[in-house]
Every structure is written in structure tokens, then in C-alpha cells.
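A.B. asks: What follows is the residue order along each chain.
Number of protein chains: 2
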Amino acid sequence: MKIVCPQEELSKGVNIVSKAVPSKSPMSILECILIDASSGSIRLIANDMEIGIETVINGRIENPGIVALDAGVFTDLVRKLPSGDVTIDIDSNFKASIKCGKVKLDILGRSGEEFSYLPRIERNDKVIISQFSLREIIRQTIFSTADNDNNKVMCGELFHVRGNKLRVVALDGHRIAVREIELKESYDEKKVIVPKKALNEISKIINGSIDDIVDIYLSKNHILFEFENTKMVSRLFEGDFFEVDQMISANYETRIKISNKELHSSIDRSTLLIKEGEKKPIIMDIKDNVINMKMSSIIGNMDEDIEIVKEGKDLVIGFNPKFIMDALRVVDDEEIYVYFVNSKSPCFIKNENNSYVYMILPVNVNVG
Amino acid sequence: MKIVCPQEELSKGVNIVSKAVPSKSPMSILECILIDASSGSIRLIANDMEIGIETVINGRIENPGIVALDAGVFTDLVRKLPSGDVTIDIDSNFKASIKCGKVKLDILGRSGEEFSYLPRIERNDKVIISQFSLREIIRQTIFSTADNDNNKVMCGELFHVRGNKLRVVALDGHRIAVREIELKESYDEKKVIVPKKALNEISKIINGSIDDIVDIYLSKNHILFEFENTKMVSRLFEGDFFEVDQMISANYETRIKISNKELHSSIDRSTLLIKEGEKKPIIMDIKDNVINMKMSSIIGNMDEDIEIVKEGKDLVIGFNPKFIMDALRVVDDEEIYVYFVNSKSPCFIKNENNSYVYMILPVNVNVG
Chain A
107 MKIVCPQEEL SKGVNIVSKA VPSKSPMSIL ECILIDASSG SIRLIANDME
157 IGIETVINGR IENPGIVALD AGVFTDLVRK LPSGDVTIDI DSNFKASIKC
207 GKVKLDILGR SGEEFSYLPR IERNDKVIIS QFSLREIIRQ TIFSTADNDN
257 NKVMCGELFH VRGNKLRVVA LDGHRIAVRE IELKESYDEK KVIVPKKALN
307 EISKIINGSI DDIVDIYLSK NHILFEFENT KMVSRLFEGD FFEVDQMISA
357 NYETRIKISN KELHSSIDRS TLLIKEGEKK PIIMDIKDNV INMKMSSIIG
407 NMDEDIEIVK EGKDLVIGFN PKFIMDALRV VDDEEIYVYF VNSKSPCFIK
457 NENNSYVYMI LPVNVNVG
Chain B
107 MKIVCPQEEL SKGVNIVSKA VPSKSPMSIL ECILIDASSG SIRLIANDME
157 IGIETVINGR IENPGIVALD AGVFTDLVRK LPSGDVTIDI DSNFKASIKC
207 GKVKLDILGR SGEEFSYLPR IERNDKVIIS QFSLREIIRQ TIFSTADNDN
257 NKVMCGELFH VRGNKLRVVA LDGHRIAVRE IELKESYDEK KVIVPKKALN
307 EISKIINGSI DDIVDIYLSK NHILFEFENT KMVSRLFEGD FFEVDQMISA
357 NYETRIKISN KELHSSIDRS TLLIKEGEKK PIIMDIKDNV INMKMSSIIG
407 NMDEDIEIVK EGKDLVIGFN PKFIMDALRV VDDEEIYVYF VNSKSPCFIK
457 NENNSYVYMI LPVNVNVG
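Which chain is which? The protein sequence lines are A and B, in order. So in our numbering, spot 41 of the first sequence is number 147, and the numbers just go up one at a time. So in our numbering, spot 195 of the second sequence is number 301, and the numbers just go up one at a time.
Hints are supplied without guarantee of correctness; some may be wrong.
Each pair may be met inside one copy or between any two copies, as identical chains are not told apart.
What the hints assert, rightly or not - The calculated lysine-lysine pairs, modelled on BS3-like cross-linking and capped at a C-alpha distance of 25 Å, are:
#: 1; residue 1: LYS302; residue 2: LYS337
#: 2; residue 1: LYS400; residue 2: LYS326
#: 3; residue 1: LYS381; residue 2: LYS130
#: 4; residue 1: LYS385; residue 2: LYS210
#: 5; residue 1: LYS208; residue 2: LYS428
#: 6; residue 1: LYS232; residue 2: LYS419
#: 7; residue 1: LYS118; residue 2: LYS302
#: 8; residue 1: LYS125; residue 2: LYS386
#: 9; residue 1: LYS118; residue 2: LYS205
#: 10; residue 1: LYS400; residue 2: LYS108
Read the hints as simulated data drawn from the structure, not as lab findings.
So here's chain A without its partners, still in its complex pose (with noise of 0.2 Å):
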């Protein structure tokens, strides 16, 4: 094999495609970016059986074939490049010889036999979304998915297409997280559990830009996006999400309304007083057009009162800090709803349209 591509093109690809090169794996040669030079274009490949990311680089093939390349090297020596064409030449051995301008380095390669390639996902049912879009919805969710958790679904978001409105849902039994946005076009029902590894990863290699666009593939077990050059597959969690309509849909006795910087930054005042690794709730206590939030810990207390407008009942009710802050920071609007119940069950920040629902169960705390 031999080709020549800018350092550009190069650095470009390999820095989508190492997004799926696993640290470790028991099959070393997933450890490899695979050059596919083999069929007209130059492909780099790379997957570590959870995810695979394949993009398509510009460049002039001399010789046609195929190599793995070591990725924490391969991906390293192309960033020291100096700017200019990039020849990469294969001999029998599979060894690299490497030539930018004055540079010449030699890297052993292997062959590219026991590579996975990706798996091929059928096209149909396409679902197109603005990579603005999908960043914003991914961001503004994953962080209610669970780390861990013995149920894997948990630890995915349910991507629901109905009509020309894409749902998205996270949980982790703490809270929950459901964002809608539209689309351009009306689909067919659509319901799959994408990993939030799978999300995480594309968000950062799409542009995130407005005028871009990518194409959504869904099949049994696999979801694929596909942009510009670039395709990433990922495989789906089995298994049925978690009906969320009936939770977040309740009547509610109290409703504020409130700025999202002074809730935001009140709470994230109250955290100063939690010694690391310790539990401590804050103490919202509603009342006519003020609420007083609390905290005491043995590093000191905290006292403060914010503006609002309430409807509805007085209400005194404790929170984890951290949830209410992970919801507000992604919530754009500068003046929010909050809508409670009772002391013992969830608040809602939500808008008119429910295009933005954050479900937080409450602490249980002594209300004297």
C-alpha cells in the first residue's frame, strides 16, 4: 500500500476515528487504526465492538491496500507532522515508512485480516437532524443517565421519533431528564436505547453547527449516524425503557416562578458547606413571594432568601444540591417554572410546551 494525503486530512480522520479506539482490549489489533486503501478510497477504520467510526479522507492512493497501525502512536506522530503531503508506504512486512517534507520515521504495522470492520447497517428509515440539534439534545440530557447500574438501560437514553418530533429521555432513578424537540419531516415510529457512550462520542466529533446536517439509520440492534465523510455505528441496549409519561405528568399544588442564575447560584453557594463525599439536602422553604433556602453542616450554615412568584400552596421541601444545579445549567431560559406537589414528591422544572421536563425526587428532611 502506498498513499499520499495532506497532514490536515490525516490529523483530521484519525482524530474522529481514535474517538473508537478502546485503551485495552483482549484483541490487540482493536488497539490499531485500520488504513483502507483497498477500493478506490482512503478509509481509517477503527472499533472497539461497542463502537466503530469510519470516515473517508481526501488523498491520491499509489499503491492500493490495507494496514493497522498502532493507534496511541499513529496518532501521536501525526499531530508531530510538520504541515505538507504525507506519504505512508507499506512494504511486505507491514512496516510504515512515514515521509512529510525532511521528516522519515518507520513504524511497525500489521496486517489488517482480524480487523472488525463495521457492521453494515441497512438504509432505510432515515432520520435527519441539524448537528446543532443533536448536540444540544444530547447535552441537555445525559447527564440524568446512570453510571452504573445493574439495569443497563439506565445507562442509555430512549431516542423516541413520533410524527416529526424527536424525544429524548434519560434516568437514573433520582430524576428525569426529557427534552423534545421537531424535525423537518414526520417519520414512523421509531423507539431505541442508544448507549450514552455512543452519545458522548458523537457529540464530540459532529461541528455542532445549525447548517450541518446528520442522517440517523436505525436497525434491530444498531443505530448509525452518518455525516459529511463519517459514519459511526453503535450498538443499541435491548430491553424496554421505562414509561415516563404517567411520572411526569402529575397535577401539581405549588407552582414559582423564579431566575435561573439566583436559584443556580444560591445552590451552588450551599455546596461550599458540604465536606466531600457528605449528603447534605438544601432546605427550600416556599412561602408567599420568597423562598428561604437552608443549609447547616458543621462547617457552617447558610441563610438566604430569593424573589418569586408562587401560586398555589406554602411548601417546605429538601433537595440534593447537585440535581437541581445539573438541570438548571442546561436550562437556557432566565426565568423558570418549578412546579411541586408535596414535600414527599418530585418537583418538575418544565416550560408551557413540556419541551423541557426535569423530574427531581425530593430528600426526606425533618420539617419542624
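Starting from the structure of chain A, add chain B where the hints point.
C.D. replies: Same frame as chain A, but now just chain B:
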């Protein structure tokens, strides 16, 4: 004690003194920041008994007094306060009530009785240097100090004032870094060994401007840096520093002129071939007007040529690539001169007036 001061002042002051707070100390009072408003100004002080920092902040003293506040909690808290006037009110049990706008927090403080103030340094023999020069001369030498060494002076730098010159020397047994700058005034000769920790911290808290100065006072056991409203005192290392003049004044057999950038990036690429923890020399083969750079390892091989202007004999010599790169990184000249004696003797990267000299010992290599 009761003081009122702008959040910005408090935040700036706390950031400066927190550099001298130990993360853990057998004297737990030292894990605090002392606020001393007992004598007409608001002073913040921290002291880990190696270095001590004191800074005066603007504000109003409503009630004179002294309090020690846990540095971690207080620093975080100050950062998270909104901008505006902060009132700190200490009651007879050293409980600190902190108010800022609607914010109301209490934290437990301590009496400052056991706190260690900065040692008093006599203000004779001031040396004046610009903040820019001080920061630069530290950056350009400190990488050559030893991290841990039986010979403690290697963990510090020699500051040597003579006439209108300041010379700074650092060495770690493998290399020597020497920088010399001109001062605006002339001084009596002084030689002290300053611990690297003090130099690292002072670099962080000065602004590095060419228009602002630092006054340096030397006593037998201490160095005092004074600028704007801030003082930093550090112990000095006792003992004699190495005499390096002889070591760095050798004649040469070979001198090359080379592009700093080309040499740096070539050596940088060679490090790709080194596994973590492994030691591999880079072999430089100097011949006529080309230097050939070679490295071989189980990962692969490098073989590159760089054009040079050579004077004197041909030479083959090996170096630890990191040591050469460390020196090149802090030399601003685009074209540099490197001097060699033979393959067993150190090389010197230096300019004509010796305002910088980097000496690096070679690695023994088998030259076939």
C-alpha cells in the same frame, strides 16, 4: 471584627495568599487564611512555614480584630459570592457571618492566636527587578532544578547579583541552566539559594508586566519579594552552590548553527518512538552541513536530516531528547548555536554574550 470590602478585592487577595496555604499541616491553624484588621489595614496572610504571603486589600474596618478562616472553604466561598460589597462580621465565638447582597452565610472561624505571621526581614540591600524579567528568568531556568535530591541545593536556584547583573543558575546533575540579565542599578555582590517552590509561586502571583517592579530584600536566611500590596517571604537554602564557571567555559571542537524550530520538532517526533518509562537516546551525526537525527526502538525508527552551518570536526553524539527540548523551548532565538567538544563531553546551547547557557551531558552510545 467587622470589615466591608468589595468582592473583587477579597477574591484577588485570597487568590494571592492561598498559594502559601499547605494542603495538610500538622499545625491545623496553618490551613487557615488569617484576616488581620487590628491595625488600620485589612491584611490577608497565609504561611506554610516555607513560604509566607501577606497582602493588603482595600476595604473599611468597622470593628478592628483578627480571625482565622479555613482556607479551602473561605476561598471557594469568596469565588462564589456575587459582585458587590462583602461584610464579614465575627462574633465573640469566632463565628463569621458573611453577607453580600441577598447572600447570608455563616462559617466557623478560629482565633488567630496560634497563627504564624511572616518573619520580619530587615529592609537593607534592596534589589529592583521588573516583574517581566523575574518571571522570565525563572521560567527559563527552573526546569533544570532537581525534584528531589539528597543535595538540597539542587532543588533551588542560585540568585547571584554582582554589579548591575543578575545571574540565575539551576542544575540537576545532568544539565545546567544559566541566565544573566542586566539590572537598572548596581549592587554589592550577593549570592543566595532560593527554593524552587518559592520561585514557582512568585511567578504565579506577579503580573509579569514590564512596567511593574518587584523589590527583593535578602537577609541571611530569608528572601522577601515585595510588590504592590503584597509581600512574599521564603526561607533560603543554606550551603554553598556549585561553582559552574569552569564547567561552562570549555573550548569547543565543533560548533553548529541550526534552526531552533527544526531541531525541536525533530527531537519531539523522536519521542514518539519511546515507550513510557523507557530511556532512549537520540543520536546526532554531525557531518559537513547536515545533522542526521536517528532513533531506533521496538516501535520503529527515525532517520531525518536537518541543514546546519558547521564549524570544526565531525561528531556523533547521543542525548536524552527531553533535556535538549527543555532548553530549546525557553530559547527565543530562531537560529541557535550548539557547541560540542567530543562524544563524551557535554554540549552547550548558548549565545555570544552568554546571556543564556544550557549545558547538557551526553548519553553514552555505541558509535559503530
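A.B. asks: All hints are to be evaluated individually against the structure, with a verdict given for each.
C.D. replies: Here is what the structure says about each hint:
no. : hint              : result
1   : LYS302 <-> LYS337 : within (17 Å within a copy, 50 Å between copies)
2   : LYS400 <-> LYS326 : neither (50 Å within a copy, 53 Å between copies)
3   : LYS381 <-> LYS130 : between (35 Å within a copy, 15 Å between copies)
4   : LYS385 <-> LYS210 : between (57 Å within a copy, 21 Å between copies)
5   : LYS208 <-> LYS428 : between (54 Å within a copy, 21 Å between copies)
6   : LYS232 <-> LYS419 : neither (48 Å within a copy, 70 Å between copies)
7   : LYS118 <-> LYS302 : within (24 Å within a copy, 40 Å between copies)
8   : LYS125 <-> LYS386 : neither (37 Å within a copy, 29 Å between copies)
9   : LYS118 <-> LYS205 : within (18 Å within a copy, 51 Å between copies)
10  : LYS400 <-> LYS108 : between (68 Å within a copy, 24 Å between copies)
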